[in-house]
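S.K.: Sequential numbering from 98 applies to the sequence shown in my numbering.
These are calculated hints, taken from the structure and not from any lab test. Treat the hints loosely; a few may be bogus.
Said to hold, decoys possible - Computed spacing ranges between beta-carbons, pair by pair:
#1 Val182 <-> Thr222: 28 to 34 Å
#2 Leu185 <-> Glu213: 37 to 43 Å
#3 Gly269 <-> Thr166: 26 to 32 Å
#4 Met192 <-> Ile237: 17 to 23 Å
#5 Ser120 <-> Gly265: 42 to 48 Å
#6 Gly138 <-> Arg253: 29 to 35 Å
#7 Met192 <-> Val263: 19 to 25 Å
#8 Pro259 <-> Thr115: 41 to 47 Å
#9 Ser120 <-> Lys250: 26 to 32 Å
#10 Ile147 <-> Ser113: 39 to 45 Å
In this text, a Cβ means the ideal position worked out from N, Cα and C, and glycines have one as well.
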Amino acid sequence: MTQPATFLGDDHKDHSTTRKFLSTLYRELHPSQLLPSVTAGIVTGVIGVIRAISYAALIFSGTLSGYLTIGVGIAVFSTAAISIVVGLMSSLPGMIATPLAAPTAILAILAAAIAETMGQTSSETEMLVTVVAAIALSSILTGIFLFVLGKAKLARKIQFIPYPVVGGFMAGTGWLLVR
Numbered sequence: 098m099t100q101p102a103t104f105l106g107d108d109h110k111d112h113s114t115t116r117k118f119l120s121t122l123y124r125e126l127h128p129s130q131l132l133p134s135v136t137a138g139i140v141t142g143v144i145g146v147i148r149a150i151s152y153a154a155l156i157f158s159g160t161l162s163g164y165l166t167i168g169v170g171i172a173v174f175s176t177a178a179i180s181i182v183v184g185l186m187s188s189l190p191g192m193i194a195t196p197l198a199a200p201t202a203i204l205a206i207l208a209a210a211i212a213e214t215m216g217q218t219s220s221e222t223e224m225l226v227t228v229v230a231a232i233a234l235s236s237i238l239t240g241i242f243l244f245v246l247g248k249a250k251l252a253r254k255i256q257f258i259p260y261p262v263v264g265g266f267m268a269g270t271g272w273l274l275v276r
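My request is simple: use the sequences and hints to build the entire structure.
M.R.: Next comes the structure, spelled out in structure tokens:
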């Protein structure tokens, strides 16, 4: 006795998704698209690394400047990891992710405040561990918050934030970067 066609259920969806992914991958890896894609990837990667290094230099300055190489390693690894995850998992084709200046300015102030507070009573290694933990915790909490916003479909509500608020945030971020 043969099974009805509706028995396929989820397996049919999985095959359809796999076929769609392979079809998209084949189109993107077609020789006519390969050179532009690789060139764009190299340029974007170089820019991402340069930005990661400059942002690490901003965060790991002053008391923490002795740990700049560790900060650069963390920043470059984080940039590469998030770029790969977003590139492979995004529902939008061609999506890339790179670090932004605004959160970096805030993290630099956080790192400076931690270094200043712990400066007299702690070693530089303890300061480094605390700064890295604070950056990791703030990144995780921000990711959770944005994930919840996305799942709750609240992204469209951002359009109701008044322009003076957005302008004030941008001006404040610029002031922090220049200062």
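S.K.: Could one say that the CB atoms of Ser120 and Gly265 fall in the range 42 to 48 Å?
M.R.: The hinted range 42 to 48 Å holds for Ser120 and Gly265, with Cβ atoms some 46 Å apart.
S.K.: Do Met192 and Val263 keep their Cβ atoms within the hinted range of 19 to 25 Å?
M.R.: 23 Å, holds
S.K.: Taking the CB of Leu185 and the CB of Glu213, does the distance hold inside 37 to 43 Å?
M.R.: 40 Å, holds
S.K.: Range hint 39 to 45 Å: satisfied by the CB atoms of Ile147 and Ser113?
M.R.: 41 Å, holds
S.K.: Does 29 to 35 Å hold as the CB distance between Gly138 and Arg253, or does it fail?
M.R.: This hint holds: roughly 31 Å between Cβ atoms.
S.K.: Using the Cβ atoms, figure out if Ser120 sits within 26 to 32 Å of Lys250.
M.R.: 29 Å, holds
S.K.: Can you tell me whether the CB distance of Val182 to Thr222 sits inside 28 to 34 Å?
M.R.: Because 30 Å falls inside the window, the suggested range holds.
S.K.: Does the hinted range 26 to 32 Å hold for Gly269 and Thr166 at CB?
M.R.: 30 Å, holds
S.K.: Just to be sure I understand the hint, the distance between the Cβ atoms of Met192 and Ile237 should be within 17 to 23 Å; is that true here?
M.R.: Holds: the Cβ-Cβ distance is about 21 Å, inside 17 to 23 Å.
S.K.: State, for the Cβ atoms of Pro259 and Thr115, whether the hinted interval 41 to 47 Å holds or is violated.
M.R.: 46 Å, holds
Hint check: no violations occur; every hint is consistent with the structure.
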